[in-house]
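The hints should help you fit chains B and C onto chain A, whose structure is shown.
Residue numbers (my numbering), protein chains in the order written: chain A, 29 to 148; chain B, 840 to 935; chain C, 2 to 718.
Simulated from the structure, these hints should not be mistaken for lab results.
In this text, all values refer to a predicted model and were calculated from it rather than measured experimentally.
The C-beta atom is built at its ideal place from N, Cα and C for all residues, glycine as well.
Lysine to aspartate or glutamate pairs mimicking EDC-like chemistry, simulated, CA-CA at most 20 Å apart:
no.: 1; chain 1: C; residue 1: LYS188; chain 2: B; residue 2: ASP917
no.: 2; chain 1: A; residue 1: LYS118; chain 2: C; residue 2: ASP236
no.: 3; chain 1: A; residue 1: LYS118; chain 2: C; residue 2: ASP164
no.: 4; chain 1: A; residue 1: LYS144; chain 2: C; residue 2: GLU180
no.: 5; chain 1: C; residue 1: LYS188; chain 2: B; residue 2: ASP926
no.: 6; chain 1: C; residue 1: LYS188; chain 2: C; residue 2: ASP238
no.: 7; chain 1: A; residue 1: LYS118; chain 2: C; residue 2: ASP75
no.: 8; chain 1: A; residue 1: LYS118; chain 2: C; residue 2: ASP162
no.: 9; chain 1: A; residue 1: LYS118; chain 2: C; residue 2: ASP233
no.: 10; chain 1: A; residue 1: LYS118; chain 2: C; residue 2: GLU76
no.: 11; chain 1: C; residue 1: LYS382; chain 2: C; residue 2: GLU370
no.: 12; chain 1: A; residue 1: LYS118; chain 2: C; residue 2: ASP234
no.: 13; chain 1: A; residue 1: LYS102; chain 2: B; residue 2: GLU858
no.: 14; chain 1: A; residue 1: LYS93; chain 2: C; residue 2: ASP164
no.: 15; chain 1: A; residue 1: LYS144; chain 2: A; residue 2: ASP55
no.: 16; chain 1: A; residue 1: LYS144; chain 2: B; residue 2: ASP917
no.: 17; chain 1: A; residue 1: LYS144; chain 2: C; residue 2: GLU232
no.: 18; chain 1: A; residue 1: LYS144; chain 2: C; residue 2: GLU229
no.: 19; chain 1: A; residue 1: LYS118; chain 2: C; residue 2: GLU229
no.: 20; chain 1: A; residue 1: LYS144; chain 2: C; residue 2: ASP223
no.: 21; chain 1: A; residue 1: LYS73; chain 2: A; residue 2: GLU94
Pairwise CB distance ranges, derived in the manner of DEER restraints:
no.: 22; chain 1: B; residue 1: TYR883; chain 2: C; residue 2: GLU375; range: 44 to 54 Å
no.: 23; chain 1: A; residue 1: ASP55; chain 2: C; residue 2: ARG374; range: 35 to 45 Å
no.: 24; chain 1: C; residue 1: SER110; chain 2: A; residue 2: GLN138; range: 27 to 37 Å
no.: 25; chain 1: C; residue 1: SER326; chain 2: B; residue 2: ALA850; range: 37 to 47 Å
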Amino acid sequence: MASILAVDDSASMRQMVSFTLKGAGFDVKEACDGVEALAEAKRGKFDLVLSDVNMPNMNGIEFCKELRQLPDYKFTPVLMLTTESAGDMKMQGKQAGATGWIVKPFNPEQLLSTIKRVLG
Amino acid sequence: MSQSVSIDCGARLSIERVEALHQEMEQALRDARDIELKADEVQYCDTAGLQLILALFRAVESAGHSVSWSGVSEVVSDTASILGMSDALTLAQPAA
Amino acid sequence: MSIDLSQFHQVFFEESFEGLDVMESELLELSPDSVDDETVNTIFRAAHSIKGGAGTFGFMQISEFTHEVETLLDEIRAGQRALEQLHVDLFLQSVDCLRAMMTALNEGSEPETARADELKLQLKAILHGEAEAAEGDSNDASEATTGGSERAGWKVRFIPDADVLRTGNEPFRMFRELEGVAPNGIKVMVNESELPEFANLNPEECRLSWTITVMGDIEQSDIQTVFEWVEDDCDIDYIALDADGQALESGAEAKADAAEASAEAAVAPEPVAAPAAVAEPANSEAAQSESVKVEPAKPAAAKAEPAKAKAKPNRGGDQSSIRVSIDKVDSLINMVGELVITQSMLGQLGQDFDISRMGRLLEGLSQLEQNTRELQESVMKIRMMPISFAFSRFPRLVRDLGNQLGKKVNLVMQGENTELDKTVMEKIGDPLVHLVRNSLDHGLETTAKRIETGKDESGTITLNAFHQGGNIVIEVKDDGAGLNEERILNKAIERGLVAANANLTPEEIHQLIFLPGFSTADQVSDISGRGVGMDVVRRNINELNGTIEVKSQKGTGSTFVIRLPLTLAILDGQLVEVCNQTYIFPLVSIVESIQLQKQTLNNISGSQPVMKLRDEYIPIIRLDQVFNLRPLEEEVEEAMLVVVEGDNEKIGIVVDDLLGQQQVVIKSLEQNYQRVSGVSGATILGDGTVALIIDISGIGKKVDGRAAAIPGSEQAA
Numbered sequence: 029m030a031s032i033l034a035v036d037d038s039a040s041m042r043q044m045v046s047f048t049l050k051g052a053g054f055d056v057k058e059a060c061d062g063v064e065a066l067a068e069a070k071r072g073k074f075d076l077v078l079s080d081v082n083m084p085n086m087n088g089i090e091f092c093k094e095l096r097q098l099p100d101y102k103f104t105p106v107l108m109l110t111t112e113s114a115g116d117m118k119m120q121g122k123q124a125g126a127t128g129w130i131v132k133p134f135n136p137e138q139l140l141s142t143i144k145r146v147l148g
Numbered sequence: 840m841s842q843s844v845s846i847d848c849g850a851r852l853s854i855e856r857v858e859a860l861h862q863e864m865e866q867a868l869r870d871a872r873d874i875e876l877k878a879d880e881v882q883y884c885d886t887a888g889l890q891l892i893l894a895l896f897r898a899v900e901s902a903g904h905s906v907s908w909s910g911v912s913e914v915v916s917d918t919a920s921i922l923g924m925s926d927a928l929t930l931a932q933p934a935a
Numbered sequence: 002m003s004i005d006l007s008q009f010h011q012v013f014f015e016e017s018f019e020g021l022d023v024m025e026s027e028l029l030e031l032s033p034d035s036v037d038d039e040t041v042n043t044i045f046r047a048a049h050s051i052k053g054g055a056g057t058f059g060f061m062q063i064s065e066f067t068h069e070v071e072t073l074l075d076e077i078r079a080g081q082r083a084l085e086q087l088h089v090d091l092f093l094q095s096v097d098c099l100r101a102m103m104t105a106l107n108e109g110s111e112p113e114t115a116r117a118d119e120l121k122l123q124l125k126a127i128l129h130g131e132a133e134a135a136e137g138d139s140n141d142a143s144e145a146t147t148g149g150s151e152r153a154g155w156k157v158r159f160i161p162d163a164d165v166l167r168t169g170n171e172p173f174r175m176f177r178e179l180e181g182v183a184p185n186g187i188k189v190m191v192n193e194s195e196l197p198e199f200a201n202l203n204p205e206e207c208r209l210s211w212t213i214t215v216m217g218d219i220e221q222s223d224i225q226t227v228f229e230w231v232e233d234d235c236d237i238d239y240i241a242l243d244a245d246g247q248a249l250e251s252g253a254e255a256k257a258d259a260a261e262a263s264a265e266a267a268v269a270p271e272p273v274a275a276p277a278a279v280a281e282p283a284n285s286e287a288a289q290s291e292s293v294k295v296e297p298a299k300p301a302a303a304k305a306e307p308a309k310a311k312a313k314p315n316r317g318g319d320q321s322s323i324r325v326s327i328d329k330v331d332s333l334i335n336m337v338g339e340l341v342i343t344q345s346m347l348g349q350l351g352q353d354f355d356i357s358r359m360g361r362l363l364e365g366l367s368q369l370e371q372n373t374r375e376l377q378e379s380v381m382k383i384r385m386m387p388i389s390f391a392f393s394r395f396p397r398l399v400r401d402l403g404n405q406l407g408k409k410v411n412l413v414m415q416g417e418n419t420e421l422d423k424t425v426m427e428k429i430g431d432p433l434v435h436l437v438r439n440s441l442d443h444g445l446e447t448t449a450k451r452i453e454t455g456k457d458e459s460g461t462i463t464l465n466a467f468h469q470g471g472n473i474v475i476e477v478k479d480d481g482a483g484l485n486e487e488r489i490l491n492k493a494i495e496r497g498l499v500a501a502n503a504n505l506t507p508e509e510i511h512q513l514i515f516l517p518g519f520s521t522a523d524q525v526s527d528i529s530g531r532g533v534g535m536d537v538v539r540r541n542i543n544e545l546n547g548t549i550e551v552k553s554q555k556g557t558g559s560t561f562v563i564r565l566p567l568t569l570a571i572l573d574g575q576l577v578e579v580c581n582q583t584y585i586f587p588l589v590s591i592v593e594s595i596q597l598q599k600q601t602l603n604n605i606s607g608s609q610p611v612m613k614l615r616d617e618y619i620p621i622i623r624l625d626q627v628f629n630l631r632p633l634e635e636e637v638e639e640a641m642l643v644v645v646e647g648d649n650e651k652i653g654i655v656v657d658d659l660l661g662q663q664q665v666v667i668k669s670l671e672q673n674y675q676r677v678s679g680v681s682g683a684t685i686l687g688d689g690t691v692a693l694i695i696d697i698s699g700i701g702k703k704v705d706g707r708a709a710a711i712p713g714s715e716q717a718a
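Here chain A stands alone, though its shape is the one from the complex (with noise of 0.2 Å):
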């Protein structure tokens, strides 16, 4: 089964997201910011790279762009969770080389099914 990277610093977003992923059969690892995301990333490799924007120590985008550096990582998707107001984020996330993104908020519904326009 596809594996993917959840990272966001909030926690009930992660167990939210990686609550209902896991539900639909996904592997599913956590990190709460880009530097431990990015370790997680060298670590193993996922199929799917799940990643808030705003965060501590290393923020979504930045994570985005070292991803992109990283062999395994060069065509993995990479989907922003991202807000309606932070309009230009998602144009900054699409430079890093996001795949796209996921507006906040969403139900696990709109997860599952915005995520089968990467996966599978």
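Showing chains B and C alone in chain A's frame:
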């Protein structure tokens, strides 16, 4: 110079492998006349993979040779169909 | 698939309360004169997370309100708007408001939104100012795009950017998704005209394009959703088709941009409420600050609550949780590992033990002792939290109070990383607040007075915490006028708390402020009045087995020193013996122990036995009588008098003998049996016997004969 060469598409006919496949195919184009594509074990295939095959078809055809499939997995025919490439790749449309 | 989101609520509330604390403390750092980007960023991030979570978990009141806060923060963060003090104040009020709303939600009740609505209006007024008109117009755009009625499908020309595949956007997935939303399916045609020669092909780049016919009448926005991640980089045309597959009138061909504009307009806040808000701030700032002050009752109530809410979120039972750093857990696991090794070593030794291996056994046992001690320390550490959790509310409190009293105050906090038990921390919060309020209100002089006496015009309050010999010491210090000894003494005499001719040292006078019913403020002020005196502070601290004293110097200030045990689970105890039974006194409450003359003891009888100890008379109680261990008339050979202090009163307790001092683990009687007055708990001694721990202030009450009946109390009275 051999008469025909077989290229194995492997399990993934997708973007992370197209660079390597592209080189292998260029070599085959130089060495051989006809090319046989083995794609019965492909479990995942994407636009980049099929685009490469399409370009190969065009190259071989323009040289007057032929490309043929020796086994095609369902994933390959399905993906080609949804991308509208079945005809161009001489693949049968899967039953709807 | 349906997932019950309520299971994540608890975590959401916990992290949101933490986020609000962060916002508050960072906001207090923020001043319009020097705006630190990272501070603004941190505040923004906290607000952002709260909004995101609230939206996700269905708390729309929270997310809508936070949206306004976040938007204003974002503008400040992006440098589009200069920070004003007004903004900081508004943010702080918003934090209070959010905290109150979330506390209500956490308790399962509907939050009060009046305050939020009011603040929202103020925020919107700042944000939108005159921009209202523009908003109204853009709203119409969405209707314009829905054109022809006889639409039967769409033709979509999709010319991807060469890089589209590299970022993981897959045309075949988009088409498949489109197939899912199209009522009558889709037809895909690939266009390979741009495909280069094989040798020139960069196989990672997309050189194909497509024409997709979507059959059936669906909204353009449904198709656009599929391409939303790539529409900025790729060429996408949408052509509406009629039933014959012909393009409808050219006007129907809408570029992505136009539709996007309408999508954004839909997100914009409803303009209905806004005009009212514009009018209000225009009236002047005075109007605004007034609207804040008019109802002090509500914000005050809101402020008091969140502290409790944080201490024990009570949704779904008592789910109080604690965050423990991974390091602490890891060290615990290490120690358990060592314990297991020791245990297996001892186990092996025991299987065929002979006396020649005594040395090994002793070695193993001492290793076991070490493991146990380390394990105990580590487990205790899990409950330890830095005192900054208790200190964190003070910057705000001092700021608000200072403003209210018109005093300039600097708050200095030291030793914020000093750790203490979580339960102790929760219980020390209120007494600390009281002390700080007291220092601000009574301790510090007015600015005018300070200038007059040649002091710095802003007063300083220092909170300091440090460890000292197994205790934590917390100091609350002010550089104010010091305690007014004359006034304190007069008041105490007036209240009949001390004799009119009493000759007291300055130190003794200072301690009078802790007596019940003592209040120095000439009039009960709003700040530290509230009917709670220093006696209550002292009682609360005594209940934690702690002590409080005050040091004061006229003209230079006062310092309150609180000493607390690091944990409530372990007590430093003095073991005493009465009729071959062992009892335990908390070491902290013992003043002195003296040998008692037989005669003295025998004379102690009657309703209120007292004994003169140096200058003062102290009540005497016999533990053997309290616990009904020995008939009153029976001879006591030798006895000790332990002088203890509890609830501001010294009492002498007669025991047979003093045994050793040791740390004991407190076991609750309430949980295991029932509450017994005069006893605060029990412990198990090394030899396996149970010893009762004496509740000093509880037993002191028996001296007055007012105590609730316990076995043997008739005899003691």
